[in-house]
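S.K.: These protein sequences, in sequence, are chains B and A. Basically the numbering used here = 1-based index in the first sequence + 1. Basically the numbering used here = 1-based index in the second sequence + 88.
If you are wondering where the hints come from, they were derived from the structure by calculation, not from laboratory data. Keep in mind that this is a model prediction, so the values were computed, not measured. Don't take every hint at face value.
Calculated lysine to any residue pairs in the SDA-like style (CA-CA distance at most 25 Å, straight line) [what the hints assert, rightly or not]:
| hint | chain 1 | residue 1 | chain 2 | residue 2 |
| --- | --- | --- | --- | --- |
| 1 | B | Lys-448 | B | Tyr-353 |
| 2 | B | Lys-317 | A | Leu-190 |
| 3 | B | Lys-208 | A | Asp-199 |
| 4 | B | Lys-391 | A | Pro-192 |
| 5 | B | Lys-391 | A | His-140 |
| 6 | B | Lys-209 | A | Val-214 |
| 7 | B | Lys-133 | A | Ala-139 |
| 8 | B | Lys-208 | A | His-140 |
| 9 | B | Lys-391 | A | Arg-191 |
| 10 | B | Lys-357 | B | Thr-147 |
| 11 | B | Lys-211 | A | Leu-190 |
| 12 | B | Lys-208 | A | Arg-191 |
| 13 | B | Lys-382 | B | Gln-416 |
| 14 | B | Lys-133 | A | Val-184 |
| 15 | B | Lys-208 | A | Ala-139 |
Each chain, letter by letter, is given below.
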Amino acid sequence: MAQFNEMFQGTGVRTPYGRLQDWVAAMPQELRSLKQAEAEALFRRIGITFAVYGEGGDPDRLIPFDMFPRVFAAAEWAKLEKGIKQRARALNAFLVDVYGRGEIIRAGRIPGRLVWQNEAYEKAVVGFVPPKGVYSHIVGIDIVRTGPDEFFVLEDNCRTPSGVSYMLESREIMMRMFPDLFRENRIEPVDGYSELLRRTLASVAPKKCKGDPVVVILTPGHFNSAYYEHSLLADLMGVELVEGQDLFVEGEFVWMRTTEGPRRVDVIYRRIDDAFLDPLCFRPDSMLGVPGLMDVYRSGGVTICSAPGAGVADDKAVYTYVPDMVRFYLGEEPILQNVPTWQCGKAEDLKYVLDKLPELVVKEVHGSGGYGMLVGPKCSKAEVEAFRAKIIEDPGNYIAQPTLALSTVPTFVEQGVAPRHVDLRPYCLVGERIELVPGGLTRVALKEGSLVVNSSQGGGVKDTWVLAE
Amino acid sequence: MRLTVDHVTRYLYDQPVRSVVQSHRLAPSAFAGQRVLDWEVTVSGGLRGGAHRDGAGDMIQAWTIAGPVQEVTVTVRGTVETEDLAGVLRGHREAVAPECYLRPTLATRVDVALTGLAQSAIGADVLALSHALSAAVADAIAYRPGATHAHTTAAEALALGEGVCQDHAHALIACARSRGIPARYVSGYLFATQDGVPHEAAHAWAELHVLGLGWVGFDPANRCCPDARYIRLGSGLDAQDAAPIRGIARGGGREAMDVTVAVQQAAQ
Numbered sequence: 002m003a004q005f006n007e008m009f010q011g012t013g014v015r016t017p018y019g020r021l022q023d024w025v026a027a028m029p030q031e032l033r034s035l036k037q038a039e040a041e042a043l044f045r046r047i048g049i050t051f052a053v054y055g056e057g058g059d060p061d062r063l064i065p066f067d068m069f070p071r072v073f074a075a076a077e078w079a080k081l082e083k084g085i086k087q088r089a090r091a092l093n094a095f096l097v098d099v100y101g102r103g104e105i106i107r108a109g110r111i112p113g114r115l116v117w118q119n120e121a122y123e124k125a126v127v128g129f130v131p132p133k134g135v136y137s138h139i140v141g142i143d144i145v146r147t148g149p150d151e152f153f154v155l156e157d158n159c160r161t162p163s164g165v166s167y168m169l170e171s172r173e174i175m176m177r178m179f180p181d182l183f184r185e186n187r188i189e190p191v192d193g194y195s196e197l198l199r200r201t202l203a204s205v206a207p208k209k210c211k212g213d214p215v216v217v218i219l220t221p222g223h224f225n226s227a228y229y230e231h232s233l234l235a236d237l238m239g240v241e242l243v244e245g246q247d248l249f250v251e252g253e254f255v256w257m258r259t260t261e262g263p264r265r266v267d268v269i270y271r272r273i274d275d276a277f278l279d280p281l282c283f284r285p286d287s288m289l290g291v292p293g294l295m296d297v298y299r300s301g302g303v304t305i306c307s308a309p310g311a312g313v314a315d316d317k318a319v320y321t322y323v324p325d326m327v328r329f330y331l332g333e334e335p336i337l338q339n340v341p342t343w344q345c346g347k348a349e350d351l352k353y354v355l356d357k358l359p360e361l362v363v364k365e366v367h368g369s370g371g372y373g374m375l376v377g378p379k380c381s382k383a384e385v386e387a388f389r390a391k392i393i394e395d396p397g398n399y400i401a402q403p404t405l406a407l408s409t410v411p412t413f414v415e416q417g418v419a420p421r422h423v424d425l426r427p428y429c430l431v432g433e434r435i436e437l438v439p440g441g442l443t444r445v446a447l448k449e450g451s452l453v454v455n456s457s458q459g460g461g462v463k464d465t466w467v468l469a470e
Numbered sequence: 089m090r091l092t093v094d095h096v097t098r099y100l101y102d103q104p105v106r107s108v109v110q111s112h113r114l115a116p117s118a119f120a121g122q123r124v125l126d127w128e129v130t131v132s133g134g135l136r137g138g139a140h141r142d143g144a145g146d147m148i149q150a151w152t153i154a155g156p157v158q159e160v161t162v163t164v165r166g167t168v169e170t171e172d173l174a175g176v177l178r179g180h181r182e183a184v185a186p187e188c189y190l191r192p193t194l195a196t197r198v199d200v201a202l203t204g205l206a207q208s209a210i211g212a213d214v215l216a217l218s219h220a221l222s223a224a225v226a227d228a229i230a231y232r233p234g235a236t237h238a239h240t241t242a243a244e245a246l247a248l249g250e251g252v253c254q255d256h257a258h259a260l261i262a263c264a265r266s267r268g269i270p271a272r273y274v275s276g277y278l279f280a281t282q283d284g285v286p287h288e289a290a291h292a293w294a295e296l297h298v299l300g301l302g303w304v305g306f307d308p309a310n311r312c313c314p315d316a317r318y319i320r321l322g323s324g325l326d327a328q329d330a331a332p333i334r335g336i337a338r339g340g341g342r343e344a345m346d347v348t349v350a351v352q353q354a355a356q
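If we strip away everything but chain B, and leave its shape as in the complex, we get (with noise of 0.2 Å):
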């Protein structure tokens, strides 16, 4: 499978990486250990750490970080950045559409089945707008690169997409260790994400709120795996992060307790799911979330970001339609492409499937960060097998997708440097405005020839750069 290398073109180095050669070639093996020595050093001081669930091992474990960085040319950008945007406004529509009068699944164009019935549907928000319409509020799209103008996303992540966190350091820390190559290339700032953000989430204020409205993050406390993540957005926001036991319904409104009495609170940027916001609406043995602030929301005295319900845009299922939303509600050919999808649910994709395995990715329909995936041409025999079993007996659980040939990056092995595999994750921000940072998360397959990203699989990541015109 011909794998494009985002750096080398046969003997030729692509124009956006140019400065980059030098750069390696100038740095001996000595200096290089010796900076990924302090890169470590630096991740470990400001304590980003990301929890690997069902690995064992220590759960604070280092993500790795690779110091090559990945770069993408301005018109490369430009491109993706309309791609990205119209996708997020899609999705948007979407959920305003599939919580008020569902005209897409009047007109036809995705089968009612697979909103309805799906969990991630919150009936008790049916008929309720969101300020600004907004339901998805910052926008997790993760893409893949297959060739020089070849882009695919992989999928929508609409609720809570973590690891923007990182995007931030990697760049901070970067530029500490090598200044010179921030004067050397003009670089994108990425810095100005957390104002954005600030400034997104003021945007949906809910309509009794008057004044400067009060903005906090809701987190499930730090034992979450994002916990670092949460507390950094809220440093660089100047916003209180807060848990569950920290807010209070009484009338009409969310108070936070302050030392200085209560305080009325009127964005809620919520880092915990649907299901543990409120025990009088969802899970009643949920002890995350507040009491009675469904009510709140649905009567207009506080705004919840991601709005409850917004999981239904990014099931893997619904997925398969997002060209099509993009079509029906903007009227626009969609500018960046999915990937080719199989539903197992359907007799004749089941068919494809279970004939063409072992050259296909299969993933659960509801899973997420990698796991309980089968990467057919990386499995043996037996592996395959068994995972045939698994489909056979939950078809609909699962969808399949042919494996992408992802581009490659230089990437800092133990013998010099050695293409790996990538991907890509922007966070797109919806407000009144829609709004996206020259950057994001790229995650990078550390082992040679893997094609799973996730940092729950060995993962690691890289700083991003868009390059200025």
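Fit chain A to the supplied structure of chain B, relying on the hints for placement.
M.R.: Okay, now just chain A, sitting in the frame of chain B:
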């Protein structure tokens, strides 16, 4: 029929609690079968929170009670003019797609026995099948108060062969969904007639979605469709989702609850 409701719920805490938050689904539904003449809900020490009409057409009213408090009393009093529509929920405005009510919940999950019961019912069309399912549930689960509790599932009630209106409704919902008929739980009141049969004034039944008719009520506990003796409050996927009062107390000890409901025919 003109019915008056007198419904008092007292929550007693064994030690003072810091605060209580409640979400009420306590207003009679707005549809052709009932007209509210007067209706009032009061909460001792309560502060009225936000109100909204949800997608299923129910009025939801939030209340908060600041502590320390050891007792909270919710009083519902009102008069409703009802009409017998043979169970059909005519003129009810709602936005939730009926297909949403095909989703299983913990309380309404089917097992082999429920599936078997559902398959035993025969009907030429959805309406006839719905009647048959309701009758099958009534035959399979005898009315016996105290046999089950608030968290008994449909499968457990069927295995036991005994239960109350909540169990009948859950079982009918589970069976209907397994036959592809959207079904939901309805909570409300029933005017208990003096025919010697024990009735529950706080009542629950099921609604099944019948193409052409829309939502139709079935009450396996009384082997009938809701008529003028019924007052409808609201609906949900199961009893918990349709509960007239959902509440939680923060800080404090155990809670005891005492409910009295009286439904009477008003003097015309």
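S.K.: Give a verdict on every hint.
M.R.: Structure-based check of all given hints:
Straight-line distance between C-alpha atoms of Lys-448(B) and Tyr-353(B) comes to about 30 Å, which puts the hinted pair past the 25 Å bound. Proximity of Lys-317(B) to Leu-190(A) is assessed by CA-CA distance (about 21 Å); at most 25 Å being required, the pair is judged to hold. This hinted pair does not check out: Lys-208(B) and Asp-199(A) have alpha carbons roughly 47 Å apart, beyond 25 Å. In summary, the hint linking Lys-391(B) to Pro-192(A) is supported, as the alpha carbons are separated by about 22 Å, within the 25 Å threshold.
With a C-alpha separation of about 44 Å, the suggested pairing of Lys-391(B) with His-140(A) is violated against the 25 Å cut-off. Restraint check for Lys-209(B) and Val-214(A): the C-alpha separation of about 46 Å exceeds 25 Å, so the hint is violated. With a C-alpha separation of about 21 Å, the suggested pair Lys-133(B) and Ala-139(A) falls inside the 25 Å cut-off, and the hint holds. In summary, the hint linking Lys-208(B) to His-140(A) is supported, as the alpha carbons are separated by about 14 Å, within the 25 Å threshold.
A C-alpha spacing of about 23 Å is found between Lys-391(B) and Arg-191(A), which places the hinted pair at or below 25 Å, so the restraint holds. The hinted pair formed by Lys-357(B) and Thr-147(B) meets the criterion: a straight-line CA distance of about 21 Å does not exceed 25 Å. A threshold of 25 Å between alpha carbons decides the hint, and for Lys-211(B) with Leu-190(A) the separation of about 41 Å lies outside it, so the pair is violated. A threshold of 25 Å between alpha carbons decides the hint, and for Lys-208(B) with Arg-191(A) the separation of about 33 Å lies outside it, so the pair is violated.
Taken as a hint, the Lys-382(B) and Gln-416(B) pair is broken in the structure, with Cα atoms around 31 Å apart against an allowance of 25 Å. Restraint check for Lys-133(B) and Val-184(A): satisfied, since their Cα atoms lie roughly 22 Å apart, inside the 25 Å limit. A threshold of 25 Å between alpha carbons decides the hint, and for Lys-208(B) with Ala-139(A) the separation of about 15 Å falls inside it, so the pair holds.
When each numbered hint is compared with the structure, violations occur for hints 1, 3, 5, 6, 11, 12, 13.
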